[in-house]
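Participant: What follows is the residue order along each chain.
There are 2 protein chains.
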Amino acid sequence: MQSYQQMSKEELCKIKEGLEKEYAKFQGMGLSLNMARGKPSAEQLDLTMPMLDTINSSSELVAEDGTDCRNYGGVDGLPEAKKLIADMVGSTPEHVIVYGNSSLNIMYDTVSRSFTHGVMGNTPWCKLDKVKFLCPVPGYDRHFGVTEYFGVEMVNVPMTAEGPDMDLVEKLVSEDESIKGIWCVPKYSNPQGVVYSDETVRRFAALKPAAKDFRIYWDNAYAVHHLFEDDQAEILDIITECEKAGNPDMVYEFCSTSKISFPGSGVAAVVTSEANVADIKKQMTNQTIGHDKINQLRHVRYFKNKDGIMQQMMKQAAIIRPKFELMLKKFDEELKGLEIGTWIEPKGGYFIGFDALEGCAKAIVAKCGEAGVAMTPAGAPFPYHNDPKDSVIRIAPTFPTLDELETATEIFILCVKLVSIDKILENK
Amino acid sequence: MQSYQQMSKEELCKIKEGLEKEYAKFQGMGLSLNMARGKPSAEQLDLTMPMLDTINSSSELVAEDGTDCRNYGGVDGLPEAKKLIADMVGSTPEHVIVYGNSSLNIMYDTVSRSFTHGVMGNTPWCKLDKVKFLCPVPGYDRHFGVTEYFGVEMVNVPMTAEGPDMDLVEKLVSEDESIKGIWCVPKYSNPQGVVYSDETVRRFAALKPAAKDFRIYWDNAYAVHHLFEDDQAEILDIITECEKAGNPDMVYEFCSTSKISFPGSGVAAVVTSEANVADIKKQMTNQTIGHDKINQLRHVRYFKNKDGIMQQMMKQAAIIRPKFELMLKKFDEELKGLEIGTWIEPKGGYFIGFDALEGCAKAIVAKCGEAGVAMTPAGAPFPYHNDPKDSVIRIAPTFPTLDELETATEIFILCVKLVSIDKILENK
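Same order as they appear, the protein sequences are chains A and B. The numbering of the first sequence is our numbering, which starts it at 1 and goes up by one. The numbering of the second sequence is our numbering, which starts it at 1 and goes up by one.
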């Protein structure tokens, strides 16, 4: 296809006319489609329904260590739940604390505890004048939401195809003691689907932070969320790499089964050094008598082991993959060569990150909305909802049905074209 | 029975000799009995097993408002879960936020949020030189644990048969701006089983605190935990009373189904003014995408309504009541008139508070331990684990079987007698 950038004003205006007619047709349809959040579809949720039968009124609800799972106790999780989680992320049980249903809640607690009590004996952040976090961008809006809520100053770090710009990360972290953390989604990143290279992971593990209480917030949200059976990304185990590099306590890894079993009723965990585990437990023993152990048992008995999880994920992939493929195929057919946007073909995760022409993201999202397609607000993948170039759009293709997605994709492409033409015309 | 206090040294020594023989017999039995924590017994937990059948793989997991309970969302709880909780504590759904499985976790979050973000726009407590909480004593050790963890200065307020000493509460709260809260268990208090009188509740509602961000932490943990069908305490609804008194925002009420369904897998909630609800939701939207809605649904479908809860509680009472009765009967038979201890006969809740002679609690608990009966550590019902008179012992009779409890009670009584005789002899 010929690039829009090289077309004359007249050519563009003519194309625009045709596109506007198509757009008007969609507008007249009163659609209500949603590509805003990384939510599993109902069909995916159906996959997990049998888990609800693994525990019933005749079940013996006793854990490996003899714990009656119905009663109080077990603040850090059942041994078998720790093992399942450890296997899932490639670690070992002594590094794991199993929580309730939300890894976001663990991340929130981790930041909150650092503010009120400090990290491993260091000054509580609430006593400091300034606390900063590095934020690889584009990234996950809810990460930035947590640090924004606590008044943390967020510093953008650009993403590359191999992960965050490590030259910049190394420089900033080693120079500035007020930098206390960095938000990472190391595998199938939100929203671009980037997989951190081995070199990136090793450079993370070898960081020499100025702050003794600097921690990597390693949100391994998509550890097993592959789209393909035969093309699965693996990343190095950050816990092991940090040990090797002499920085055993520098990372908190987070994960959950939210997009494996049920988003609202899964099991979440933190995976970290034994010294960090001990530090965290000091808080936990004051915070709760224990999380839901019956639900932990439900997951263990249903999935049994990592193989069970991987089988489930391949069933999930069979539902999700066609959606990604449909969308990416249409992008290829309709957008390639026009020079009005770029994207990475993800091999896993829940999103496609679309990079529009500068200054177009907000307008595209708004135009989609006017035709009944809800998108993640432009700016959301950036701290303070501020995309400096106004170019990134996060697309979440999993929730709609395949039919809905087809329509939504057509509308999205139309909006990208229309807004881009206007932008190009401005400069002609 | 003749009071030990009025016996001669010789009489006491003779009694002691007999008691020591009995004690030695128990010591030789290698017992391991536990009256330390307010845990339901296995028999009680069995009552709730059918709840696990209310949801299975064929269930439609859609809430009243159309929410697919399996997916993300619903940060403040399902409408039907709010209603169930509201009915249980005598409030209305707009006052309720349903959380996960632990009311202690909600209380922790409430204190933590006050430290990091302040209460409704007031200065965050972490920016203040001094934060104090009033602690009616004896009280619940885990309450004091939360405030101790945050470095809050805890001020003892004595309990009376009608609740905390309200003259003192009113005085302190109106004079001292650094007093930001008070821990209350208004019904069947932990550990004494005291029920706050209507006058006490009204005086709470009418407090004129010096601190604008003063809040009553109203832990209605035993709202429906009656021991008797025909003798059930009711307390006034603190939310309504605070509204009437022009202090609508002054209270956070906490509750859970931990001792109704399963301690580890229940549903917990905060009940408070709509303005507080809005303030809390600002935190929650950054903290989590939502708590376990399937478990909320499980509770709603199993209990259906308050009647369902009350039926369950009468089944619980049928198991617990004989334990309280056995213990209280033995206390009556063996201790009444000896003037070596007092207790209140509770009509509900999970504990008996035993008031020993001054300076005896630690020794009694230690002596119980040496005979294989684990008690809550002496001092635990006080801030900083410090019982100024060393006299209060919290007894938790629910967890052991009736047989175990009988032996444990005999040993406890023996230890009370032995330690008390030594104490009296000291002063002869």
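Heads up, some of the hints might be wrong.
Each pair may be met inside one copy or between any two copies, as identical chains are not told apart.
To be verified - Below, computed lysine-lysine pairings styled on DSSO-like, alpha-carbon distance capped at 30 Å:
no., residue 1, residue 2
1, Lys212, Lys127
2, Lys389, Lys282
3, Lys25, Lys347
4, Lys212, Lys130
5, Lys281, Lys132
6, Lys315, Lys423
FYI, nobody ran anything at the bench for these hints, they're computed from the structure.
Participant: Take the hints in turn and mark each one as holding or not.
Facilitator: Against the structure, the hints:
1. Lys212 / Lys127: Classified as both; 16 Å inside a copy, 23 Å across copies.
2. Lys389 / Lys282: between (43 Å within a copy, 29 Å between copies)
3. Lys25 / Lys347: Neither: 34 Å inside a chain and 70 Å across chains, both beyond 30 Å.
4. Lys212 / Lys130: both (15 Å within a copy, 28 Å between copies)
5. Lys281 / Lys132: Close inside one copy (25 Å) and across copies (25 Å); limit 30 Å.
6. Lys315 / Lys423: Neither way: Lys315 and Lys423 sit 42 Å apart in one copy and 71 Å across, limit 30 Å.
Violated hints for the displayed structure, listed by number in ascending order: 3, 6.
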